[in-house]
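Peer 1: In order, the protein sequence lines correspond to chains A, B, C and D.
For the first sequence, the numbering used here begins at 1 and goes up steadily by one.
For the second sequence, the numbering used here begins at 1 and goes up steadily by one.
For the third sequence, the numbering used here begins at 1 and goes up steadily by one.
For the fourth sequence, the numbering used here begins at 1 and goes up steadily by one.
For the record, the hints were derived by calculation from the structure and aren't laboratory data.
Only a predicted model underlies this, so the values are computations on that prediction, with no experimental measurement involved.
It cannot be assumed that every hint is accurate.
Said to hold, decoys possible - Lysine to aspartate or glutamate pairs mimicking DMTMM-like chemistry, simulated, CA-CA at most 25 angstroms apart:
| # | chain 1 | residue 1 | chain 2 | residue 2 |
| --- | --- | --- | --- | --- |
| 1 | C | 71 | B | 226 |
| 2 | A | 309 | A | 241 |
| 3 | A | 334 | B | 219 |
| 4 | B | 357 | A | 241 |
| 5 | B | 263 | A | 217 |
| 6 | A | 402 | B | 217 |
| 7 | A | 270 | A | 217 |
| 8 | B | 185 | B | 124 |
| 9 | A | 215 | D | 33 |
| 10 | A | 248 | B | 124 |
| 11 | D | 20 | A | 241 |
Claimed, not checked - Pair by pair, the computed Cβ-Cβ distance ranges are:
| # | chain 1 | residue 1 | chain 2 | residue 2 | range |
| --- | --- | --- | --- | --- | --- |
| 12 | B | 280 | A | 273 | 43 to 49 angstroms |
| 13 | B | 226 | C | 234 | 43 to 49 angstroms |
| 14 | B | 307 | A | 387 | 38 to 44 angstroms |
| 15 | B | 186 | A | 210 | 46 to 52 angstroms |
| 16 | D | 200 | B | 208 | 57 to 63 angstroms |
| 17 | C | 251 | D | 39 | 45 to 51 angstroms |
| 18 | C | 220 | D | 200 | 39 to 45 angstroms |
| 19 | A | 243 | D | 239 | 43 to 49 angstroms |
| 20 | A | 248 | B | 304 | 50 to 56 angstroms |
| 21 | C | 252 | D | 200 | 47 to 53 angstroms |
| 22 | C | 198 | D | 200 | 37 to 43 angstroms |
What the hints assert, rightly or not - Short derived list, chain A residues pointing at chain B, Cβ under 8 angstroms:
| # | residue |
| --- | --- |
| 23 | 12 |
| 24 | 13 |
| 25 | 99 |
| 26 | 121 |
| 27 | 245 |
| 28 | 259 |
| 29 | 297 |
| 30 | 351 |
| 31 | 368 |
| 32 | 372 |
| 33 | 396 |
| 34 | 397 |
Ideal placement from N, C-alpha and C gives every residue a C-beta, glycine not left out.
Okay, here's what each chain looks like letter by letter:
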Amino acid sequence: MKANPKDVLTGVYYIDGDVASGYGALAAGCKFVAGYPITPSTEAFEAVCHRGPQVGAVFIQMEDELGSISAVMGAAWAGVKTMTITSGPGYSLMQETIGFGAMLEIPFVLLNIQRGGPSTGVPTKTGQADMMQSRWGAHGDYEVIAISPDSPQEMFDYTIKAFNLAERYRCPVMIMSDECVGHMTEKVVIPEADKIEIEARRMYNGPASEYMPFKPDPDLVPKMARAGAGLNLYITGLVHDEKGHPVKSANYKSAHVRRLVDKIRLNKDKIIELKEDGTDGADVIVVSYGISSRVAVKGVEIARQKGIKVGTLRLVTVWPFPDERIAELAQTTKAFVVPEINYGQVVFDVARCTHGKANVVLVPHGGAGVHNPSDVADAIEFAAKHESPLEGVHEFKTRLEKSVFEGGLKLKE
Amino acid sequence: MKADKTGVLTGSHALTGNEACAEGALAAGCRFLGLYPIVPSIEVSKRFLQRAPEVGATFIQMEDEISALAAVIGASWTGKKSMTITSGPGLSLMMEHLGLGVMLETPCVVADIQMVGPGLGLPEHPAYGDMMQARWGSHGDYEIIALSPSSPQEMFDFTIKAFNLSERYRVPVAVMSDAYVAQLKETVVIPSAGEITIEPRRYFDGPSDSYLPFKRDEDLVPRMVDIGQGYRFHVTGLTHDDRGYPIMFEECQEYNVHPLVWKVRNYVEKIVDYQETSIDDADVVVISYGATARAAQKAVTQAREAGIKAGSLKLNTVWPFPEKKVAEVAKRVKAFVVPEMNFGQVVLEVERCSNGKTNILFLHHGDNGVEHTDGIIAAIKRASGANGVVGSTVELK
Amino acid sequence: MAVERIDDREIHPMENLLRMDRMPHIWCPTCGIGIAVTAFTAALEKAKIDPNMAAIVSGIGCTGRVAGYVKLDSFHTTHGRPIAFATGIKVANPKMKVIVFSGDGDLMAIGGNHFIHAARRNIDMLVVCVNNFIYAMTGGQVAPTTPLAAYATTSPYGCVEPPFNIPYIADSSGAVYVARYTALHVRRLTNALTEALNKKGFSVVEVISPCGMYYSRINRLGDGLDMMKFYHDNVEIRHGEDTKNLDIGFQTKIICGKFVDRERPSYMERYNQWLSEVKSTRKNLDAPKGAEGEG
Amino acid sequence: MNPIINILDKGIEQSGVDRKTISIPSDIPFPPDAVKTLRIDYFQTPRGRAIAFGTGLKLGNPALKVIPIVGDLMTLGGNHFVHGARRNMEILVLCINNFVYKKIAGKPLTSANPEFSAYSTFEEPFNFPHLGNSCGAVYTARWTALHTKELATSVAEALSKRGLSMIEILAPGPNYYRTIDGVNSDILQFYFDNSIIKNNEDPRNVAITPEEKIVVGTFTDRERPTFIDSYNLQHKKILGDKFTPHGAAPTERGGKDG
């Protein structure tokens with residue numbers, strides 16, 4: 001299906017990532033956005049407020065993030081494509097209902113513009129420390145899809161992709177961007193509507209009496225319906241059977257919850273998108289996502305000038321994680337270098353998938369800024385030279401760490 | 001320091017895990033409970049409320065879990081040891097304030113009686129689906145400590161331990177139990193107050209004008225004062241310096257947050273606690289925690305009887321993860337069997353720490369009853385016949 | 001309160017209650033929050049509150065920074081939760097005087113639930129709600145107090161939601177003291193805060209404050225001084241006015257004054273009463289299960 | 001729960017609203033059979049979020065009639081209620097006031113009245129109609145579950161209102177209070193007998209106190225522009241023809257826009 005020309009603001013723009021994402025959502029056919037202001041994601045919501053009424057998309061600023069995400073759930077069952085927009089603290093508040101959305105297999109998109117944390121942290125500056133939260137933040141077992149764009153153009157493109165994935169797999173899709181990308185202003189090309197491919201909602205078309213809200217198709221994804229269509233829906237967040245009725249049997253529980261995880265795990269190959277450059281025969285591979293991948297480019301350049309064979313692997317989809325690809329690359333490379341703006345999150349998954357076949361070096365950064373490319377370059381050099389296996393994830397000591405703690409806080413080992 | 005007598009109900013009792021948790025809290029000196037009722041954790045607060053008048057403990061039932069944990073953090077700064085008690089959906093709501101607890105370095109205990117999730121799930125049915133959430137559920141970078149008891153006696157012991165660790169490292173500590181252990185009634189031996197060691201709060205005792213709320217000691221943990229003592233300090237959830245004033249630069253972020261991670265990571269070896277059974281000559285080691293550990297230990301015994309060299313590693317602290325121990329054992333066993341009451345959470349850590357040195361068999365456990373050992377024994381049998389190393393986790397259906 | 005000079009340094013008359021090492025503060029020129037803080041510190045002195053026994057809790061937002069400038073035991077907490085946090089302090093240590101100082105978005109939007117519940121419980125605390133009609137810290141989004149048809153960045157075509165009448169909701173959920181003044185009414189505001197500080201129970205003082213940077217700018221209302229002029233011309237003091245008549249429209253008349261002053265047993269009073277009842281009837285109640293095995 | 005479903009059934013019947021268009025988000029579990037009987041769409045939401053969920057339903061498809069049902073709504077979801085009332089979302093909130101949350105044996109909940117629970121409760125309850133009224137609800141009423149006829153009429157009336165209506169239904173969980181207080185009489189009957197009908201009473205005078213009779217009746221009935229009205233009006237005013245009014249219902253199930 002193609003996008004509706006009315007929703008698409010075709011042209012070339014000079015806008016920031018937040019706004020691009022808002023325009024992307026509308027282009028993808030999103031007709032309901034609930035939000036609550038939180039730095040640094042507000043601009044995306046503001047963009048929807050400006051443009052939404054002109055394309056028939058309704059927006060509401062709810063009383064809090066709990067309200068926003070719940071309204072999104074309701075709107076999805078009312079039959080429209082929806083999204084909500086938030087940042088760290090709001091994301092934490094939403095967790096309960098995100099789990100509920102996963103349970104009800106509600107297609108929705110969540111734009112999280114990450115900032116420095118934990119708690120209130122540094123609201124106005126960047127961070128990438130919600131990555132694990134996006135995967136594990138709600139209670140119980142579920143799987144989500146998380147995408148990490150690295151430029152305003154990608155914010156536009158991948159917001160559309162996020163909507164498509166959400167509709168395709170009926171699961172929460174997180175756009176895990178960060179303040180840098182959100183507030184970065186660049187050229188964004190919005191194509192014509194007929195160049196934008198849109199995934200239609202998987203609606204049920206059969207007779208009303210036979211509808212089962214949670215009866216999966218062969219690809220494990222059930223068909224959706226909307227409230228008010230005379231289907232007599234019974235939808236509950238409790239563990240339920242195919243009709244949606246709550247069940248108490250312990251055996252059923254695993255079958256049901258297992259499908260929630262399996263529909264993503266078994267379709268992994270179709271979901272995962274990676275961008276690789278020079279990974280074949282590389283001595284060191286830099287694994288990165290979001291803004292860190294753009295910073296890493298410079299570090300890789302420096303290292304290549306020094307004659308090190310460096311490849312890059314960019315995780316466009318961070319969750320589900322490309323286990324097999326990393327394991328494969330671990331066989332041929334010496335080490336992985338993972339720069340991320342946190343003190344180690346995705347790097348643990350990289351380490352897990354290497355199975356001891358390659359060293360893993362983390363280049364940490366606490367947030368409120370991005371890496372110094374020289375740190376990345378130095379880490380690459382270190383990884384290239386280090387022959388013996390390192391114990392666990394090796395945390396690289398950055399210039400920032402040295403400058404902050406030298407002479408200051410002494411660490412007792 | 002020894003426990004305060006008033007809270008310790010010395011003797012041998014038949015208690016459910018929930019009741020033992022409440023008793024453990026009171027014995028540890030907990031004097032404030034902020035709660036919002038949620039199945040299956042009700043009995044903890046019920047017991048606490050019943051005992052509160054005689055012990056002199058205060059409680060408040062707040063309007064939701066968000067405010068329950070907020071009140072607990074506030075109460076902790078008044079000098080009272082504080083806890084809250086919840087279950088899956090409540091824990092999800094508490095996530096933001098778990099981060100606040102970390103940032104304000106407030107000692108407090110969160111007991112999570114896990115049920116089947118996500119969403120409303122199956123209340124009253126046991127599961128361990130919140131294990132990763134306890135570690136990663138709040139935004140931003142931090143480390144916390146999580147204990148996982150497997151019996152009412154351990155509910156009592158670990159709750160005391162949780163308070164001690166919380167005061168020692170000034171982090172929120174989670175007690176990750178489940179609906180099964182919480183409702184299981186067993187003998188709980190409560191020792192006399194003199195036999196219970198309590199970690200006192202790390203107070204600052206210098207003059208009020210020289211108090212810096214986040215000035216770290218050598219061991220990275222800052223000292224605390226109670227409010228109402230004339231210190232008139234300021235603390236904030238924003239990135240702050242030693243004075244507790246917000247300073248939002250990347251240097252300060254590094255200065256503030258990196259030690260939050262270090263203060264747990266650097267002391268992993270001191271914090272981690274596990275129980276190993278016949279590991280030394282084992283071919284197959286079952287790694288388990290919580291209620292599953294009960295079944296795992298039975299299975300290991302039965303496997304030994306059947307002539308398989310099986311051993312058990314029971315994780316008492318799940319977070320921080322005992323990386324070194326697992327890495328070390330991985331080098332000398334054929335396989336790990338990891339039964340979990342979820343679809344694979346802690347097993348990912350096991351896979352990471354074994355560095356491809358051994359096979360890992362994951363088993364979704366608990367559907368046929370928590371103490372059902374057949375699946376684990378089958379897994380042990382299969383693992384003992386393994387040849388070569390697969391590397392990635394294999395799931396047994 | 002004349003300005004004293006020591007060693008050529010200007011001493012703020014409230015220096016003992018302010019964190020002078022935090023100055024200059026972050027508030028914009030023509031903002032009214034500073035006025036509210038000054039009135040508050042003056043009220044603390046007038047009400048003879050021991051500063052060592054007072055705690056101030058703020059949430060997030062411009063007004064949320066107040067805790068950072070007032071020299072009490074001060075807590076800057078999460079968005080919307082200062083009342084919940086303060087409840088914990090008050091219940092755990094009833095000797096403390098607890099003040100929540102935060103903005104309209106923080107207290108009434110995300111914190112609305114805690115506001116009505118604390119009022120219902122009648123937790124003994126003073127809530128100072130600085131209402132500037134907008135979320136200023138995040139750049140001018142619509143708040144639950146933004147008047148109808150006023151502009152904000154998330155209501156680019158005019159606000160479509162009617163605002164809260166804060167005194168009315170405070171009244172209906174059970175607050176014992178409710179007053180409203182603007183940042184222009186410094187003397188009256190100080191008196192109201194003094195009264196409220198001495199009041200036992202949940203007291204609410206709403207302070208209408210100009211926001212020259214966002215609210216007035218987006219709505220083309222001039223700067224802070226123009227807003228002060230507007231308050232001067234359009235505020236009517238009506239003590240004891242029925243709280244249901246206190247709606248604020250876009251640039252309409254604002255009614256200020258003290259509206260509610262009543263007595264209700266506070267949470268701690270009820271709690272203590274309950275405690276003594278329980279203790280006296282303890283024998284009739286179930287002993288904790290398992291206690292029979294004691295010894 | 002069953003009496004409530006009967007009342008709902010009668011009320012919907014009386015209002016003449018097409019059952020197909022009715023959606024009930026609720027944080028208390030409905031038996032699947034009841035949903036079948038009512039012929040409506042039912043959603044069990046996370047605790048306390050029924051009203052926010054309903055807001056989304058209504059805005060997603062304004063043709064829907066949304067009836068969030070909440071048990072003691074003022075605990076987790078109090079905020080969504082006050083803001084829903086302020087915005088005047090066109091929904092009908094049914095607040096089942098159990099005095100005690102059934103699932104949680106005798107624990108204090110916000111509406112639990114001190115008089116009725118000697119051991120565990122000492123907090124004062126909300127006066128729901130007053131709170132609703134002060135936040136902007138267009139219709140507030142309170143009945144006991146035994147006022148079946150009045151309740152059905154109230155539901156029908158409220159369904160015809162444009163804006164947030166709220167009906168408080170006193171339906172205590174007898175099992176718990178009976179055991180706690182030793183009250184042997186049927187609690188439902190007890191409330192019914194101790195209530196007094198005062199229609200159009202000022203909501204501020206209808207607080208439930210231990211001393212006085214429970215005032216029931218319809219208290220508020222007024223008109224205010226709804227959220228969608230204001231939304232359309234304001235945007236039309238500023239944007240003119242560029243604005244796509246909100247309110248056109250999505251096409252039928254399986255339609256091409258899906």
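Peer 1: Hints numbered earlier in the text: which of these fail when held up against the supplied structure?
Peer 2: Those not satisfied are hints 2, 3, 4, 5, 20, 21, 23, 24, 27, 28, 29, 32, 33, 34.
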